[in-house]
Every structure is written in C-alpha cells, then in structure tokens.
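Engineer: Each chain, written out:
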Amino acid sequence: MTKLKANKPSKIDELKAMTPKDRKRAIGDLLMNNAMFIIIAIAVVGIYIAEPTFLSLPSIVNIINLTAAKLPIALGVGGCIILAGTDISAGRVVGLSACIAAGLQLTTNKLFPGLQVMPVPVAILAVLAVGACVGFVNGFFMAKFKLHPFIVTLSTQLIVYGIILIFMQLGTNSGQTLSGMSEAYRNFVTGELFKVGNTTVPRYVLYSAIIAVVVWVIWNKTTFGKNMYAVGSNEDAANVSGVNVTKTIIMVFILAGMLYGLTGFMDAARIASVNANTGLNYESDAIAACVIGGISFVGGIGKVSGAIIGVLLLQVIFVGLNYLSVDPNLLYIVKGMIILVACSIDMRKYLVRK
Amino acid sequence: MKKVIALALALVMAFGLVACGSTAPAETTAAAAEGDAVVETTVVAAEAAGVDGEVSIFWYTFGDTYLSSVRSAMNAAWDAAGIKYHDYDANNSQTTQTEQIQTAITKGTAVLVVNIVDASSDDATQAIVDMAEQAGIPLVFFNRSVSEEIVSAYDKAAYVGTDYTQAGHMQGEMIGNYVLENYDALDLNGDGQISYVMFKGQEGNMEADARTQYGVEDADKVLTEAGKPALVFYDDANPSKYLLDANGAWSAEQGQNLMQTLLSKYSEDNGNMVELVIANNDDMGLGAISALQNAGYNKEGGKYIPVFGVDATDAAKEAIAAGSMTGTIKQDAEGMANAVVAISQNLATGADKFDTIDAANVVGTWRVNIPYSAYTGE
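Chains as they are written, first to last, in the numbering used here: chain A, 1 to 354; chain B, 1 to 378.
This is chain A alone, in the form it adopts within the complex (with noise of 0.2 Å):
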C-alpha cells in the first residue's frame, strides 16, 4: 500500500486536470497495472499480522533463497514464453544437469570408478553444454518443422529422461541417489556470501543476481535480445523486417537450456543429493511464476523484473502459507487459485491496453 502512496504525488497535478471520469480510468489502470505489487503488499501484510516472524530476517534471508534457487530456470522459460512458446523439458534438463554436475564432484564415484573430483569450472562447463544441447534440440525442431513448442518440449522431456535413468545406471551405481560431493563444489554453492545478522547468505544469492543481470542485458541491450520479441508478438513481421526467425528461436532455446543447467548446478550442491527425480516438475513453478510476472502466453511481453517479480510473489506466497499452517491439502487447492487469479489479473491488464 505505501507504493500506491508514493506513487500519488508525483501523478497528482495530472489527476487535477482531468475529468472526473478520466480521472477514475487513470486511478484503476494505476491499480491494476500494480496489482502484483498490491497483492504482494497485502500478502506480506496479512501473513504478518497472522504470524510476526514472517518478517524476521531469518525469514526474509530465507525467501530471497529460494527465490535465487528458482530464479535461473525461470528466466530460461520465461525467454520461451515470450516466444509465445512454452518449455515443459525444463525440469527434467535441470535433473539431467543436476546429475552430471553431482557426477563430476562425487568425493567416491560409483558413476565412473577412479574418476578424480573434477575442478568446480569443468562441471559448469558441463552443465552449460549439455543444457545447450537440449536446448537446440528443442530450438530446432520447433524452428525447422514448425511444430508446437509442447510437442517439442514433451519428447525431448522423455528423451531426457531416459538419459538421466541411463547416467545414474553407469559404473556401478545402479540407479542410487548420488550423494559425497566434495566440499568445494558444496562450498563454491552454498559457502558463506556474507552474513546479516545471525544469519547467512549462501553464495548462490550472488551466481543468481548475476545471472540475472546477464539475462537483462541480453534481452534488452542485444539485437538478438530484440529479435526474440519481435518473433514473439509476430514472427512473420519479425520475418518480413529480415529478422533470421530460426536462428532466433534455436537461440532462445539454446539460452533457456543453459539457464537450466545452472539451476541444476546450484541445486545439487543446495540438495546435496541427487536422484532420478531431481527437478521434476520445476518447469511447473517457473511457468506459473513468468506467467504470473507478467510474461505472457501472447507473446513478446516480458521482463526479466517479471520474472523476479513472479518468482518472489511465489516464494512468498508458499513460504507465508507454511507460516500460516495453512492445510496441506488445501495447499495445492490454494497455489492453484493463486495461480489462476494473478494470471487472470494480468491478463486483463493486456487485454485494455490492445
């Protein structure tokens, strides 16, 4: 509520000069172009009159590390979305990565019996490349045979699959959960980035910022940054003004697919153990979070603040209902609701402005 309040000043002489009714859209398109942060406001607020130590640091440290550990991933489908696109692979890309980079850094490797800890930068190059290699399966398949992203995205999900369950089959490890990193990959993950308080902030709160940054530079000071929202609000004008359409979709993929090798790179370290099932379903949370951020399904709307935004609003929503010992059955009802409102929400702010 103290946003809208700041805001009125600065807008005050402008809502004098209008008419009582221009007046009235101005207020409510000022709402609703703000309903995120209105209703994270009003969240944040009521789960702390319910339960004050929703807002002890520990708490907040706490939210801002799980919203950097789902950050990455959602950035990468985020790019896909505003494709018009979707990316149902990523969370399986991030098991898969997950995987190789506990697989890198097991202290007793079963994977491959007598392979050294490899050095920390091997297993993010590892990761980098094969979540590009997903990527550009995706990327090109969708580019070159015009086939719908969800189908695309659905094999190569399976494909996946199937690889992770093969990995964790090689040497003798037979499917067992990977556990025994070594100390410096957990350490180069989750050490100490510096403390606030009592409390600790892990060093994947800066890989995340950065990658962040990144990602916001990309989309906004690169052509190909430029390229991708003009295929995504519409490809054949993208086509016509000389844009290489392919190429930018392989691209996007290609980035999103590294985007989730990262994630899987922080989160074994976070986990600290790894097994076939590792990321399944992220792809669920990090849709819902763009969507809700304002990425939208119709393509070349969004931004890299949505992204946070959305995958903020998320955290604090999950973690304020944990707080407020909500059910957990009604949980996946209550996540489901939110879901649909936020989205709902933002939809209509698209819908007055075309």
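Read the hints as simulated data drawn from the structure, not as lab findings. These numbers come from a predicted model, not from an experiment. Among the hints, a few may not be true.
[Said to hold, decoys possible] Cβ-Cβ distance ranges computed for the label pairs, FRET-style: (1) A/THR107 <-> B/ASP155: 19 to 29 Å; (2) A/ASN198 <-> B/ASP155: 17 to 27 Å; (3) A/HIS148 <-> B/GLU149: 44 to 54 Å; (4) A/THR107 <-> B/GLY136: 21 to 31 Å; (5) B/GLY136 <-> A/LEU165: 32 to 42 Å; (6) B/GLY323 <-> A/THR107: 24 to 34 Å; (7) A/ALA209 <-> B/ASP155: 36 to 46 Å; (8) A/ASN198 <-> B/ALA76: 55 to 65 Å; (9) B/ASP358 <-> A/ILE333: 52 to 62 Å; (10) A/GLY114 <-> B/LYS299: 49 to 59 Å; (11) A/LEU330 <-> B/ALA76: 12 to 22 Å; (12) A/GLN169 <-> B/GLY323: 16 to 26 Å; (13) A/SER284 <-> B/GLU300: 42 to 52 Å.
C-beta: ideal position from N, C-alpha, C; glycine also.
The hints should help you fit chain B onto chain A, whose structure is shown.
Structural biologist: Frame of chain A, contents of chain B only:
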C-alpha cells in the same frame, strides 16, 4: 467496471489467504517468535503438554497409503497430547523437503519430525541434521531410514523405524507356510514347482532390497526344509528376478501395469501361468490383483492366485477379508506414531530421549524399532 471486479477478486483472495491461517489457534506465543528460546521457556510454562510452540512434521509424500495411516494416528496423538502441530508434504522431492525444513526453522518450531525423502542419501540427512543442530531444535526421523553415524552425532536426534529386514523375513516365512499347505492346489500346470513373480517398489531402497531378497529366500527355506523344491521365478530370461516400479513410487498403478503385461504372455492356456504373486508393499499387490481380476482370477468362486504384500493398509485388509488377497505384514502405524510423539515430547522437555518407550524396542542410543506382525485376516 471489470477492473474493479478483478481487483476485488485479488483482495478477496489475499484476505482469504490470511483467513486460512487464522483458523489455527490465535495464541501464537511470544516464545515462538524467538525460535531457539522455545524449548527452554516451555518446560516451565506448560508442563502438561510438554511442548510449547508448534511441532513440524515433514512427510515424504501425502500420496503414500501406509504413511497416511501413520499420519492420521500421529495427528490424533498430537491432539491427545495437546501439542500444536503442522504437517508438510514434500511431494516426493528432497528439494521441497529441505526447503520446507529451512522455512520451518526460520518460522520457529519446537521439534522437527522428518520422514526423509532421499532415504539413501547421507548428505541430505546430514544437511537436515546440520540445520537442526545449528538452531538447537530437537529432530526425530521416522519411517524412512537414516544412517546411525549421522543421527548419533547430534544428541537431540533420534530415529523411529522398523528393523527393515524383518518385514521381508516375516513375509517369506508366511509365504513358505502358505505354499506348503496348499502346494498341489497352487501348482496349476502340475510341473511340481511353484512359479512366482516379485514386484519391487523402488531401486536403491534398503527396505525394498531386503523384502525382495528375504520374501523369496525365507519362503524357500521353509519349502526346502519340508522337502519341496524352491520357488521358481516365472521368467528365466530375467536375471534380476523381480519386476520394478520404475518410478520408484511403490504404486498400485505400476503393479497393475506390470501384472497386466505379464498376463498377456503367461497364462494357464500356455501352461506357464504365474502361480504366486509377491509384492514389496500392499499397493503394488492390490494393483496386481486388479489385473488378475480383469483376467478372471481372484474373484468369488473363481480361480485363485495367492498375492502377498506388506503394510496391512485398510485396502489390503478389505481385500483379504473379501478373499482376493492372501496375506500381508502389518507395520504398526499407531505404534510408530505414538513413539514419535513420545520421543518428541521427551526431547522438547529435556527428559531422557527414550523415556516411556518399551526398552525392548530401543536400539543403542539412537533408534527405536517398531515391531511388525503377520496379518492374514481377523
């Protein structure tokens, strides 16, 4: 106008959220706000209940039938003890569970009760123990097994489980005796051997491994001691000697699918019908029964293939009463729930960890085993 409606909707939702939470008793204590301080203040403040603040229980999934019965029993036990509690559903993801625990600790919880998702990962266990130890919160693992070294390293931690090999041994013995008594009736093709199929719930799970091994080994022991040949796996070409739920979910759906596929190739007409079904848990056994019933078996008055499970879920008990299932091994859901509640209370009040627990079931200083029992109907 539409804008107003949309906004109103948002407001309703936001308030709804808050309303959801306020159904819990509003007397959130000041002590709870201070996290670590909870336990100390408790002992003086509320001696009757023994635990101040909320106990958090982390379930690996709400979708598990047996654990649902433990949950009902445990919730009843918390209520009876006058302890506030909150259940979390990890939905079979260690990531979700670790995050939920992290969140519960920041919220301030009196005791962490954890049904760990990745039972085969010491690192996941270690991470949870570290979080609890750092916050000084008592920690009780239950049902899904954790390593002794990790649990014993934290003095406020304990594990309530079962001797995981016991279920397999009991199931094997039960099967052996049953087959011995009904040998000729079971031998459908009259080749003098009983062919069986084994359904394994999950790869890399100690419980599943032990049940898969002992369920057959112990039955064979009973049979060979009585001078009968050992059980024969129905498919020579399968060296693993079990069919696996590849999703690792011990699910009825997989039991059904696998059995149905099997029945399409193996039947009495071909003279190679499977004569005995052994499953790692009741859900898979019940799935197999539904496939058998579709093929005309295990219905009233029809031919009968014996099916054995583990867990003694309500559905399995009904199936046994209805005659479609043969036997199961009962995990004592109530016994486990009560032990978890008692240990949580002891840890929170600073009493001896295993006070009020039957000493015969206590193993060392770190775990309690809840005994199994055979169930073939009441």
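Engineer: Look at each hint and say if it fits the structure.
Structural biologist: Going through the hints against the structure:
| no. | hint | result |
| --- | --- | --- |
| 1 | A/THR107 <-> B/ASP155: 19 to 29 Å | 27 Å, holds |
| 2 | A/ASN198 <-> B/ASP155: 17 to 27 Å | 22 Å, holds |
| 3 | A/HIS148 <-> B/GLU149: 44 to 54 Å | 52 Å, holds |
| 4 | A/THR107 <-> B/GLY136: 21 to 31 Å | 29 Å, holds |
| 5 | B/GLY136 <-> A/LEU165: 32 to 42 Å | 41 Å, holds |
| 6 | B/GLY323 <-> A/THR107: 24 to 34 Å | 53 Å, violated |
| 7 | A/ALA209 <-> B/ASP155: 36 to 46 Å | 38 Å, holds |
| 8 | A/ASN198 <-> B/ALA76: 55 to 65 Å | 37 Å, violated |
| 9 | B/ASP358 <-> A/ILE333: 52 to 62 Å | 41 Å, violated |
| 10 | A/GLY114 <-> B/LYS299: 49 to 59 Å | 56 Å, holds |
| 11 | A/LEU330 <-> B/ALA76: 12 to 22 Å | 20 Å, holds |
| 12 | A/GLN169 <-> B/GLY323: 16 to 26 Å | 40 Å, violated |
| 13 | A/SER284 <-> B/GLU300: 42 to 52 Å | 44 Å, holds |
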